[in-house]
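Enquirer: Chains as they are written, first to last, in this note's numbering: chain A, 37 to 498; chain B, 37 to 498; chain C, 37 to 498; chain D, 37 to 498.
Any given hint could turn out to be false.
In silico SDA-like pairs for lysine to any residue, Cα to Cα no more than 25 angstroms straight-line [claimed, not checked]: (1) A:429 x C:468; (2) B:377 x C:113; (3) B:468 x A:244; (4) C:468 x D:236; (5) D:176 x C:237; (6) B:429 x D:386.
If you are wondering where the hints come from, they were derived from the structure by calculation, not from laboratory data.
Number of protein chains: 4
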Amino acid sequence: MIPRYSRPRMTAIWSPANRYRIWFEIEALACEALAQQGAIPAESARTIRERGDAAMAAFSDADLARIDAIEAETRHDVIAFLTWLAEKIGPDSRYVHLGMTSSDVLDTCLAVQLVQATDILLEDMDAALEALKRRAYEHKHTVTIGRSHGIHAEPTSFGLKLAGHYAEFARNRQRLEAARKEIAVCAISGAVGTFAHIDPAVEAFVASKLGLAVEPVSTQVIPRDRHAAWFAALALTASAIERLATEVRHLQRSEVREAEEFFHAGQKGSSAMPHKRNPVLSENLTGLARLVRSALTPALEDVALWHERDISHSSVERNICPDASVTLDFALGRLATMMEKLVVYPERMMANVESLGGVVHSGEVLLALARAGMSREDAYRVVQSAAMETWTKLGTEGAKTFRQNLEAQPEVAARIPAPVLDKALDPALHLKAVDGVFERVFTAPASATAANAPKAAKASKS
Amino acid sequence: MIPRYSRPRMTAIWSPANRYRIWFEIEALACEALAQQGAIPAESARTIRERGDAAMAAFSDADLARIDAIEAETRHDVIAFLTWLAEKIGPDSRYVHLGMTSSDVLDTCLAVQLVQATDILLEDMDAALEALKRRAYEHKHTVTIGRSHGIHAEPTSFGLKLAGHYAEFARNRQRLEAARKEIAVCAISGAVGTFAHIDPAVEAFVASKLGLAVEPVSTQVIPRDRHAAWFAALALTASAIERLATEVRHLQRSEVREAEEFFHAGQKGSSAMPHKRNPVLSENLTGLARLVRSALTPALEDVALWHERDISHSSVERNICPDASVTLDFALGRLATMMEKLVVYPERMMANVESLGGVVHSGEVLLALARAGMSREDAYRVVQSAAMETWTKLGTEGAKTFRQNLEAQPEVAARIPAPVLDKALDPALHLKAVDGVFERVFTAPASATAANAPKAAKASKS
Amino acid sequence: MIPRYSRPRMTAIWSPANRYRIWFEIEALACEALAQQGAIPAESARTIRERGDAAMAAFSDADLARIDAIEAETRHDVIAFLTWLAEKIGPDSRYVHLGMTSSDVLDTCLAVQLVQATDILLEDMDAALEALKRRAYEHKHTVTIGRSHGIHAEPTSFGLKLAGHYAEFARNRQRLEAARKEIAVCAISGAVGTFAHIDPAVEAFVASKLGLAVEPVSTQVIPRDRHAAWFAALALTASAIERLATEVRHLQRSEVREAEEFFHAGQKGSSAMPHKRNPVLSENLTGLARLVRSALTPALEDVALWHERDISHSSVERNICPDASVTLDFALGRLATMMEKLVVYPERMMANVESLGGVVHSGEVLLALARAGMSREDAYRVVQSAAMETWTKLGTEGAKTFRQNLEAQPEVAARIPAPVLDKALDPALHLKAVDGVFERVFTAPASATAANAPKAAKASKS
Amino acid sequence: MIPRYSRPRMTAIWSPANRYRIWFEIEALACEALAQQGAIPAESARTIRERGDAAMAAFSDADLARIDAIEAETRHDVIAFLTWLAEKIGPDSRYVHLGMTSSDVLDTCLAVQLVQATDILLEDMDAALEALKRRAYEHKHTVTIGRSHGIHAEPTSFGLKLAGHYAEFARNRQRLEAARKEIAVCAISGAVGTFAHIDPAVEAFVASKLGLAVEPVSTQVIPRDRHAAWFAALALTASAIERLATEVRHLQRSEVREAEEFFHAGQKGSSAMPHKRNPVLSENLTGLARLVRSALTPALEDVALWHERDISHSSVERNICPDASVTLDFALGRLATMMEKLVVYPERMMANVESLGGVVHSGEVLLALARAGMSREDAYRVVQSAAMETWTKLGTEGAKTFRQNLEAQPEVAARIPAPVLDKALDPALHLKAVDGVFERVFTAPASATAANAPKAAKASKS
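One chain only, chain A, in its complex shape (with noise of 0.2 angstroms):
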């Protein structure tokens, strides 16, 4: 994470300050529930309330500063903050923290910062499908070669590839639901979790005022396989992010030429080469990607603590919590921008699907054929034979078009009319589907996007 690559929201949920103020709320709460039940005073629970949020809202660098010299001193930074909150609230101050381990605040505090980063994420990939579904229908229409292998294969439309990477991000968007609800949760359990210094009911309190399911058992910690999860969703948006940023960079080649990122009017493309316009941005989003990703490895290595729990996972979520969140927060608004703002070339897409002399069409003929009552074998060899020919001699001279080198096979011509043939090769054909394909992606009840399958699959027979 680093400020090139980072925007504030974000940012800021990731702040010493920010930190400070939700492990204060857990703390106050927590006394708040201990009042409730009697346990303290209430009017010390509300001292420490008034005098804490007095303190938090004054928060400075000075109290910064504060705490980091207490905590130079006791090398334990849950005991610097409660030091440092006691000098502020006075000698109410026994009653906070009580019953509780550092772990209580450390994690649950975790669960709100994370939650309010999945928030961010959830907001950001709304504006990435909306820029994807927008572009999308602009270019339900537009035809434009598909490529298996990087090799021309038949028509598609450029919306129907938006359309599936729509799909995509739907599905992620999906995933970090699902992975917000797997580390929204609050332990308030002691030590080791035994609740044997604090009732289970003091959890129940503050999960249900922050917002956050009870951790059913924990260990002192909350398990790290939540995290895990939550980096894993994380991991298949930043590899949902590369799968469309490689394809932005496969159109703006310069043979290809179908699309553009947008070029600013001042901007450089290379100090050595003024021609160049470069797609810079889809090419530091699959950067970008790459680094999100590295942090689920050691996230799942997190997962196997010793016994009750070990800190060894501190220093590597102090990193990969605002680094991951921050760089794909980033990662995924440069999308949605890119994708705005993509310059679309229709007339350079429609050339391409050309530039082949129609092999492009060869399944479809294939197809003609066997109807019209040839062998799939000899169909495939007599189109296979009029493809290479077509395709070898491109751009040479007398070279002719798939639909010449066809018609030049006494085979093809008397089984194929022309009528039917220059169905074959109208690429409208491929056009036809667009609009189921739409309805499913676009207007289909969102949970059946994945969930849909019947209980059992089988491979036996009806």
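Starting from the structure of chain A, add chains B, C and D where the hints point.
Expert: For chains B, C and D alone, coordinates are given in the frame of chain A:
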């Protein structure tokens, strides 16, 4: 995946015979759908089904060799299979695969195999959960020391430890179910996914017969984020295995000896040291967990295929799909057995609880002093000093217990009467919430474990 | 590792027969060393050698089955082997494995296998290097466009491209050699590595006979950082394969068509689209590279074994050692053939160089203007404007070349006479350093490629 | 990289000021080379050097802000810097960057920074090695139990343990040195690396002045396998840290207590449990190791840049270069201090050796019986039975030691006289080779540790 760490039920899923059986099923179902539409003769669809079923039922090594021989020529596996199938079916074979592309068969088949694999993994999970639950209830009130940082913290129960692992496995079961839905999709959309040559109704028919959902938008292939999400669920499960295995390894350490893997009669721990009984199962599981996790990075790298598809994912999946599922199946089976048979030593657990002279009760004494009006800082100082005195002299001549060192301090004696001290030093204190936690883990609705977070997490005051 | 991506020479290294052969060799050599020391009867060492050699020479599936049966009882692979060996050797077998521990055999054997595997990989490398070198010289002066960001930058030569890949493979060859040294070590130090029961001279003798170095300090096992370093070298090599494969995939794109994988007679690119010729080898190599790399993370996780050793690395290595070496061997072989047979289209390369109307020469024109006294900023503005004008109108009615657009600008015409412009727009300019670079890459002493850095890097002025 | 885990000397390397200083140095040196060639006026080169040096010496936040402002306009960092530099230098600035491309500056600068970073890491290594060596010699003869699988195996010395870690760190030092050579290269070759606009002599001059080697063939960028190799060396070093940290964590466990991290006066181990002294440094190092390793996968993914270069690596490296080097520097520093101050308890070590009633000597008794003529199988059975009897009854009423249980078996008593048994049960047996191993580790020529493998490893008999 090697025989040593494989079980036949899972490896069978990845056999060529199972793959070809599913390929044929997809082709036959597609023909039946086409016949329903009137696109091909009903009689031909019947012939295809009957002769194909017969060929698959009689499928032998000779058939495998024949398909391999054709593939050596065509360098294309699906074409090789279809050619072999045509030899079995005769002229009606020209209706097989009509309007489809290889990926329709390959990707839908992989979906079926992954669903089959997941169903076995879910059964494995249930066995592991059952073992954990049984042992958790058995040791619900078996007092043991809770450890943070490997250091004795406070007592807990061994059943509570196991309940924590149960809850993690239960979460992973949910993740596996979600992952099953992710990959349980069918695509029969033809080249670059446009349905140019085949009606979407065929896809719907095949999907329904196979118990799959329809992929809303395929680009010749089913998007690879679905598969990566599946591997993420496996990786998380592997990490849960590692955490439990690490716990067992710790418990069996010579200095701890609180539990031990079952040692078979005739088993030899070491060729050189006859006294050895090693936690080899849990160490093995630790390694297997690393293996399962290692599939995730290549699966994530597979997501960003070029344009409508490239085939770089294929060699990866031919390896990691069998490897990860077979290894995880084996590991879950081994884990369930290991936990079923784990030899637990409650008296050693109690001995360890007491081995530090009682300092593990320092937390409750601290609270008792606070309740008795001492400031947190003073109480901490007093208790830490008694604890360190006990700890440092442990096992030396004239060493005193934590209780004796506490009672020697006038500040303590003056504030805490003996009955209160008795209670603070009683392990029973740490078991009082066990029932409640068991209730949350074992009898709450499954959905509640991960998904009951209210809408908004916030750190603002109530 | 699956047969599809395996070659027999490498898989043989990982066969049980090879492993048992090496195990016996280690045991027999240790006996010979002990006999030299007078620790066991020389006659017994001879009997062990002779009968053991005979047993290994006659080693059959029945022996495998017998060893497996014993292991099923003892649950210890080395003990099972030694028991089988004792059956073959008779009473003198009591001198076998004397003072040794299983790891002495297992780890030294693994070292031998890894060295054998590395030697094959080094030969593979040589074949790949040879192919790259031959093609590089063949196309030393074949003009092609250099691309940064996928955008045409300036001309280069195709041979120069290949020289860059050659240099990367040469570096990886050096890394593999270094990795070979890392793992070519022998440990015969007994339980926890103290030589309590065996003289270090035995280790030295066995090491020397096996062509290995002595592990300076083993802790029962050979430390696993050595193995991780070996996997790092493989992962780097895999990445070189991916880079070259990615280049070929790009060159074969329909829009680029500068080179193509050899297409076999009879080969079918697609079941549905007869016109397809896909870069399936290079896509396959991309996937295989991901697989080889995926072994590195578990290898790194294996390093931190507990205390003197735990056995968590074993299940990992039983998989990743064969998998990674077999896959890399196959990939290197495929890559060498692919590059040997790559079909190169120099005229397409030249056509692509010219396809942007000459804007790829903008850099040299910029310099010419600067040399002619124009300020960098002004020159950049002028040249960028001419380039963008050319680029934007490409292929449209009345489009002008870069040269025409430049000449239309009085500032240019006034400063650069036609002959200077001729030279600036001549691709030959970009080939003038090719000889020098080839000299540096192909004929400089190997050591110079990586290792000729002077002592201190610094940014201070000279 | 966060301040908590950073040290200023390393973070300074990654500051903008250091980067711009190096950029200027490269540009100035290139001008000096060009002046030597007569390509630009010598007077201009002097002016550039003088005014540039002055500007860099006076470099302030205002300059940073100015550069940032220009970059916001041009969206190109090097152009922004050059524009700022031109403002400082005046008209002669038109000779700056002549014939170069941004990557020449960026990649050579990164090489300088990585070399600077490596030099600090090598110093860190030396401090860690020094601490390990000192403690190893201090405890050369401190008897401690060796453990395999966490189970007591046989005695060893604590110094021998540390010698093993020393050797691993020494190997990593060699790997870091090799990695330093890998990245210590300079490229000044212009667009796509053809030297079309700049003479290779400029590159040679700049390289030599900066203490770098010349990159034999750059493609505008320095190939990224070099950087990935560097991150591999860091990842291996991180794993060595994790292994040592894991050892310390185990030794400090409450049940083991053989060593302890230094506990500062005033330090608090737990907010809730005053008795806690936790191995937080080694746990922290475990987490930091995961972080450093996590940079390796994206570094490997950076290798396969498209064609002559794309810029996807840039965002990755802007993060992982500082993050990994700063984190590893911090970790190595923390590790050296931790090992310097580690509190070792030799008497606890000896108590643990004896804690299993002597069964840890089973291996030598087994050999003694074999030497006395008993068959391996019989001896194993007898010794295992005595050991298990001892182990099982440990700590119970009337429990017997291993020696007592052995002597109770007539087969043993008949074969092994008491003095022989005395010797077999004496820990001194396990220290006899310590001197030899120390000699191999600490005084052998450094090159011998990794590199003395003879040419061919083989399993054939001598």
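Enquirer: Would you mind marking each hint as holding or not holding in the structure?
Expert: Outcome of the hint check:
1. A:429 x C:468: 33 angstroms, violated
2. B:377 x C:113: It holds: about 23 angstroms lies between the C-alpha atoms, which stays within 25 angstroms.
3. B:468 x A:244: Answer holds: residue 468 of chain B to residue 244 of chain A is near 23 angstroms, not above 25 angstroms.
4. C:468 x D:236: 11 angstroms, holds
5. D:176 x C:237: 22 angstroms, holds
6. B:429 x D:386: Roughly 17 angstroms between the alpha carbons, so the hint for residue 429 of chain B and residue 386 of chain D holds.
Violated hint for the displayed structure: number 1, the only one.
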